[in-house]
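Produce the complete structure using the sequences and hints provided.
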Amino acid sequence: MCAALLLSLPAAAQSGSTIRVRLADGFDFPVGKPDAEGFYKARGYWPNGHLGEDWNGRGGGDTDLGVPIYSIGRGVVIFSQNIGVGWGNCILVRHIFREADGKIAMIDSLYGHLHERKVKLHDLVEKGQLVGTMGGNNGMYAVHLHLEVRKNLQIGMNRSSFARDSSNYYSPTAFINARRVLPSSMQKYAVPVNNFAPYGRALADTSSDGARTASVDVPAFKGDSSSAKNDPKQDDDFWSRLKAKMRAGQTTGDNDEKR
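According to this note's numbering, numbering within the sequence shown proceeds without interruption in unit steps and concludes at 1178.
Because the hints were derived from the structure by calculation, they are not lab data. Honestly, I wouldn't trust all of these hints.
Claimed, not checked - Listed next, the in silico BS3-like pairs over lysine-lysine satisfying Cα-Cα at most 30 Å (straight line):
1. 952 / 1107
2. 1046 / 1070
3. 1107 / 1022
4. 1039 / 1070
5. 1046 / 1022
6. 1037 / 960
7. 960 / 1107
8. 1107 / 1039
9. 1070 / 960
10. 1070 / 1022
Right, here's the structure in full:
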């Protein structure tokens, strides 16, 4: 009965939970799919500077307001929210894929300054699926898409807490071009979700009644004693097992899923 109850809970309510996702079969550009036709890269990626790419339509001005933005690959939505400040409407999609050497890897793609968000938290998406429309953060910027591809799955919306270099980020165009077609199958892999702090908060932030203050839940990592139901050692063991299996190119089995 307890197991049935846990399975019935929404993924967003489960700290340290996973969602099973098929491997991405390749990656395409988020505008003018699949080859960015009609768009150009107005600003590129460089470490310790601009951590993503800014894409614009060739029509000039704000003529690209509201144009479709597509997921660069199959994955699961791990963030969909308007956080205001310099970000506005943002979406994060987590992708799991097999590298050329056979190893399983994961990355997060971020789509920033959107006019509209078309997907919600924990939606499964396919390559080329509409996830939002191009905007400029309600007039703060000229209309464009800010795209990032992250190696580090814990960055979330708190970039200032992490090194601003290629240890945490890929050049989006280089990443996409190197992985246009990838092997996939019907097999599903356990992808961790809810593993980063919300904007401007630490992992340990809680409300006065002990509940998470974030709209995106996070696991209790070592040093977070805010919730008695969360076991920090268990979360550390989960991440250690997941990383070890990914290095070995193995799937994460049901026994590794935290519910």
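Now for the hints, and whether the structure bears them out:
{"no.": "1", "hint": "952 / 1107", "result": "holds, 25 Å"}
{"no.": "2", "hint": "1046 / 1070", "result": "holds, 19 Å"}
{"no.": "3", "hint": "1107 / 1022", "result": "holds, 15 Å"}
{"no.": "4", "hint": "1039 / 1070", "result": "holds, 22 Å"}
{"no.": "5", "hint": "1046 / 1022", "result": "holds, 21 Å"}
{"no.": "6", "hint": "1037 / 960", "result": "holds, 23 Å"}
{"no.": "7", "hint": "960 / 1107", "result": "violated, 34 Å"}
{"no.": "8", "hint": "1107 / 1039", "result": "holds, 21 Å"}
{"no.": "9", "hint": "1070 / 960", "result": "holds, 21 Å"}
{"no.": "10", "hint": "1070 / 1022", "result": "holds, 14 Å"}
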